[in-house]
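Peer 1: Spelled out, the chains give:
There are 2 protein chains.
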Amino acid sequence: MTTTPVKSFDLDALTASLEGIEIITEPSQVAKLSQDYHTFSPVLVPKLEGKVGDIVVRPANEAEVLKVAATCVKHRVPVTVRGAGTGNYGQCVPLHGGVILDMTRMHEIRWVKPGIARVEAGVKLAALDKKAREIGWEMRMTPSTYRTATMGGFIAGGSGGIGSIQYGFLADRGNLLALQIVTMEDEPRVIELRGDDVQKVKHAWGINGIITEIEIPLGPAYPWAEVIVTFPEFMAAARFGQALGDADGMIKKEISIFASPIPDYFAAFREYIPDETHAALLILAEPSLELLPGLVEQYGGKITYQKTATDAGKGTHLGEFTWNHTTLHARSEDTSITYLQSTFPADKNLQMVEHMYHHFGDEVMMHLEFTRVNGTVVPVGLQLVRYTSEERLNEIIHYHEEQGVFIANPHTYIIEDSGRKVIDPEQLKFKEMVDPYGLMNPGKSKVLEFKI
Amino acid sequence: MTTTPVKSFDLDALTASLEGIEIITEPSQVAKLSQDYHTFSPVLVPKLEGKVGDIVVRPANEAEVLKVAATCVKHRVPVTVRGAGTGNYGQCVPLHGGVILDMTRMHEIRWVKPGIARVEAGVKLAALDKKAREIGWEMRMTPSTYRTATMGGFIAGGSGGIGSIQYGFLADRGNLLALQIVTMEDEPRVIELRGDDVQKVKHAWGINGIITEIEIPLGPAYPWAEVIVTFPEFMAAARFGQALGDADGMIKKEISIFASPIPDYFAAFREYIPDETHAALLILAEPSLELLPGLVEQYGGKITYQKTATDAGKGTHLGEFTWNHTTLHARSEDTSITYLQSTFPADKNLQMVEHMYHHFGDEVMMHLEFTRVNGTVVPVGLQLVRYTSEERLNEIIHYHEEQGVFIANPHTYIIEDSGRKVIDPEQLKFKEMVDPYGLMNPGKSKVLEFKI
Ligand SMILES: Cc1cc2nc3c(=O)[nH]c(=O)nc-3n(C[C@H](O)[C@H](O)[C@H](O)COP(=O)(O)OP(=O)(O)OC[C@H]3O[C@@H](n4cnc5c(N)ncnc54)[C@H](O)[C@@H]3O)c2cc1C
Ligand SMILES: Cc1cc2nc3c(=O)[nH]c(=O)nc-3n(C[C@H](O)[C@H](O)[C@H](O)COP(=O)(O)OP(=O)(O)OC[C@H]3O[C@@H](n4cnc5c(N)ncnc54)[C@H](O)[C@@H]3O)c2cc1C
Numbered sequence: 001m002t003t004t005p006v007k008s009f010d011l012d013a014l015t016a017s018l019e020g021i022e023i024i025t026e027p028s029q030v031a032k033l034s035q036d037y038h039t040f041s042p043v044l045v046p047k048l049e050g051k052v053g054d055i056v057v058r059p060a061n062e063a064e065v066l067k068v069a070a071t072c073v074k075h076r077v078p079v080t081v082r083g084a085g086t087g088n089y090g091q092c093v094p095l096h097g098g099v100i101l102d103m104t105r106m107h108e109i110r111w112v113k114p115g116i117a118r119v120e121a122g123v124k125l126a127a128l129d130k131k132a133r134e135i136g137w138e139m140r141m142t143p144s145t146y147r148t149a150t151m152g153g154f155i156a157g158g159s160g161g162i163g164s165i166q167y168g169f170l171a172d173r174g175n176l177l178a179l180q181i182v183t184m185e186d187e188p189r190v191i192e193l194r195g196d197d198v199q200k201v202k203h204a205w206g207i208n209g210i211i212t213e214i215e216i217p218l219g220p221a222y223p224w225a226e227v228i229v230t231f232p233e234f235m236a237a238a239r240f241g242q243a244l245g246d247a248d249g250m251i252k253k254e255i256s257i258f259a260s261p262i263p264d265y266f267a268a269f270r271e272y273i274p275d276e277t278h279a280a281l282l283i284l285a286e287p288s289l290e291l292l293p294g295l296v297e298q299y300g301g302k303i304t305y306q307k308t309a310t311d312a313g314k315g316t317h318l319g320e321f322t323w324n325h326t327t328l329h330a331r332s333e334d335t336s337i338t339y340l341q342s343t344f345p346a347d348k349n350l351q352m353v354e355h356m357y358h359h360f361g362d363e364v365m366m367h368l369e370f371t372r373v374n375g376t377v378v379p380v381g382l383q384l385v386r387y388t389s390e391e392r393l394n395e396i397i398h399y400h401e402e403q404g405v406f407i408a409n410p411h412t413y414i415i416e417d418s419g420r421k422v423i424d425p426e427q428l429k430f431k432e433m434v435d436p437y438g439l440m441n442p443g444k445s446k447v448l449e450f451k452i
Numbered sequence: 001m002t003t004t005p006v007k008s009f010d011l012d013a014l015t016a017s018l019e020g021i022e023i024i025t026e027p028s029q030v031a032k033l034s035q036d037y038h039t040f041s042p043v044l045v046p047k048l049e050g051k052v053g054d055i056v057v058r059p060a061n062e063a064e065v066l067k068v069a070a071t072c073v074k075h076r077v078p079v080t081v082r083g084a085g086t087g088n089y090g091q092c093v094p095l096h097g098g099v100i101l102d103m104t105r106m107h108e109i110r111w112v113k114p115g116i117a118r119v120e121a122g123v124k125l126a127a128l129d130k131k132a133r134e135i136g137w138e139m140r141m142t143p144s145t146y147r148t149a150t151m152g153g154f155i156a157g158g159s160g161g162i163g164s165i166q167y168g169f170l171a172d173r174g175n176l177l178a179l180q181i182v183t184m185e186d187e188p189r190v191i192e193l194r195g196d197d198v199q200k201v202k203h204a205w206g207i208n209g210i211i212t213e214i215e216i217p218l219g220p221a222y223p224w225a226e227v228i229v230t231f232p233e234f235m236a237a238a239r240f241g242q243a244l245g246d247a248d249g250m251i252k253k254e255i256s257i258f259a260s261p262i263p264d265y266f267a268a269f270r271e272y273i274p275d276e277t278h279a280a281l282l283i284l285a286e287p288s289l290e291l292l293p294g295l296v297e298q299y300g301g302k303i304t305y306q307k308t309a310t311d312a313g314k315g316t317h318l319g320e321f322t323w324n325h326t327t328l329h330a331r332s333e334d335t336s337i338t339y340l341q342s343t344f345p346a347d348k349n350l351q352m353v354e355h356m357y358h359h360f361g362d363e364v365m366m367h368l369e370f371t372r373v374n375g376t377v378v379p380v381g382l383q384l385v386r387y388t389s390e391e392r393l394n395e396i397i398h399y400h401e402e403q404g405v406f407i408a409n410p411h412t413y414i415i416e417d418s419g420r421k422v423i424d425p426e427q428l429k430f431k432e433m434v435d436p437y438g439l440m441n442p443g444k445s446k447v448l449e450f451k452i
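Taken in order, these protein sequences are the chains called A and B. For the first sequence, the positions run 1 to 452 when full-length UniProt numbering is used. For the second sequence, the positions run 1 to 452 when full-length UniProt numbering is used.
This is chain A alone, in the form it adopts within the complex (with noise of 0.2 Å):
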């Protein structure tokens, strides 16, 4: 392995030997291609400034991505790997400049089975799951960018989202069935990982290889209906999410719960949502749908807005106002709020929550996403935060951490200092067989950089 990977190279070479596959060359088009959502965080904002790559490839087929492949690891240049760029921690921005590989234009899906389908890595979430419920079946879970982001950029970067209440999250077991991958070798090959090897490049930001297709399994598409519920007591609200999440027979693809005043900025719902009240924005399988008020009734809530699975297509999506959504729209209308992802131990209670809720009232907004945790209904926290220096916003990381709630910063753009800790070691053997030179989207990840 090299120590550092290369940061300048002859930019005319490289644009000859990939002769035949589609570039781009001009700089603003180059430079927004090199962004992502990092600018929800204040802290990496700085950081990335400034950071663009030298040219972008949209290759057309797996052919392309292997003579990109072959050109790069020739002339040593850094590749960083490109969904749709909806990634939140710079994962997809280039730290040391050099081809940006924009996966958009392989968006073949393969086939589509009952349960399974196989697709290029470019395709976008909701094209997938338009062709699968032509046969009645959808993506268990997608993030909340699901219009846009690509099943690549998900699987590389992303970790659940709407459906993970029934399922779990992308890492668990038997959420992903196989990948296939490009290697930057000095001679490039096709490798097909299944089963449990698929973590080998799951969630891996882009350094462990090119995917190039993705097999996932499918969940059933059930008429979903869009609910909203309010609150007079915040804690009510929350512990009414646990109760639906924990209620077996009720099917369910999102849970969502959001404390006054956050419900203020999701402007298309505010008639929906009084001041002061606290709301749960749910999405439900519409046969369950006729027993949600006795359990509506039993929290105290209130059943304010009811769109059918058939209605549920058009107009405003409330999935869209969920997960990493609601940050989007507090920040379209306060730039100064950013946000935190936390997992809150096991305990039907919610005391953590409570405390939480309590102990930072205002300056840590309460939301909630509930989630299925080893097979446990937990809460998951995207709180969002009144953002006034990194000192703090670490005080409080350490805070919810000292007690006991598992913090996946967001604020970082190294993979070990946010969600993942450590790099699995089975990992990090992969990728120098697959990237020997270090060239895939250097500088994101502390082992390596230490190990190089």
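The hints are simulated quantities; they were obtained by calculation from the structure and are not laboratory data. All C-beta atoms, glycine included, are put in the ideal place defined by N, C-alpha and C. Just to be clear, a hint being listed does not mean it is correct.
Stated by the list, open to error - Just so you have them, the derived chain A footprint on chain B, three or more residues with Cβ under 8 Å:
no., segment
1, 104-117
2, 161-174
3, 190-198
4, 219-231
5, 247-255
6, 281-289
With the hints as your guide, set chain B with the ligands onto chain A.
Peer 2: Just chain B with the ligands now, with coordinates in the frame of chain A:
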């Protein structure tokens, strides 16, 4: 309300009033249709000996049910509703003679839509499953008696089974949508109960109205594969069951774990389960199958049998060795064996399972069914007991209860002494309305006995 149901009545007058409706009077047939599978309990057998109805009535439609109800009210004749008679607690053994109302001629499937079906009460579970699968759906959960049991009997007498690892139990909100019943008033009515109101009749052992129609949610019909895994250590098998249950990305319908020597009773599977090994019988969605070996390896198990979804319909059905079919197979070789029904506390380490396994040794052979209970994966025990005396059986039950294991006693024909413990006051109020003369399955409720 009268104090005791009338035990004698004018059979000829009754028969004459039922003109046009199919009846059975031949004594040996009536005796047979007065039986169920309470024979699994050496405690119940002597208590229910000789209990038979006077006549079996077999209505073909709701109009006939209304006529039977009116007639029985007029003549003050007890009515014991019967599905397939596969209940285990003498639920459909008439304690005070009278009419056995056999519902099996009412077997029309009204409609099946994606996610929901509506059927008459006499429909066999397997028949609904077959019909629903034509459009990609199936019953969420079935008892292991699905090939013979009726929908009405399952709702009124059953609790859950194959599928409960995914959807919890019948009693859980959302697993039953609506019931139509015929009352036993002077002028019998048809009442439709929807939403939470179904709780008034669910699992009421036929004392709260005659169920004529059922609306039930369906689950997606995955291609289900059947698998057997063996383990040298029992606790490794049990912990594997818990881990598979907790693996949110793995779609499963059945996880049953058997301590040696239970698998010795499974003649059909003997060759796949070596002597002195412990076994897991699994039903898994095919898209999850590829991920199984990794998990099995983690717990030191060995996959010894695997049947694809296409083949699973043929020959031996693995599901028919689980739940109380285990007891059936054991008893077919050794009639001195009886069983327990227990729910272990939620604990991923399964310490209480381990304790009981060692504490009782061969006297109480461990059979676990992993299920979802209020959002958490926990093992239900259907332990096989080498029966010596009622006293010892009660000792075993009490020891479990003392240690915090919930026992749903299958050795009683009194609702409150079995799983229910207390009768829901709503059910009681409803009972007073729909069965003012206490004619329905009289003698099965302690509370009612006291109140009347
Ligand atoms: C408003 C908002 C809401 C969000 N909500 C969620 C959410 O609910 N859940 C969630 O998990 N995420 C969420 N995210 C993050 C992100 O949108 C998703 O993870 C999304 O799936 C990323 O897909 P993408 O195509 O945009 O990936 P990109 O941002 O383009 O890439 C992400 C990472 O994957 C790598 N990569 C991309 N394609 C490939 C490939 N073919 N081979 C190898 N590596 C590749 C990139 O190098 C990068 O490191 C959200 C982001 C925003 C801005
Ligand atoms: C080997 C074996 C395995 C079993 N496994 C399971 C299992 O896995 N899970 C489980 O839950 N049970 C199990 N059971 C118990 C039983 O088979 C099921 O509960 C089954 O669903 C009962 O259906 P049935 O038609 O045989 O009901 P029946 O035995 O005929 O009736 C059961 C009760 O329901 C009442 N009833 C029947 N029909 C109506 C109606 N239309 N209106 C009102 N009341 C009515 C009866 O009066 C009676 O009280 C098992 C039994 C055996 C013998």
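Peer 1: Could you work out which earlier hints the structure fails to respect and list their numbers in ascending sequence?
Peer 2: none
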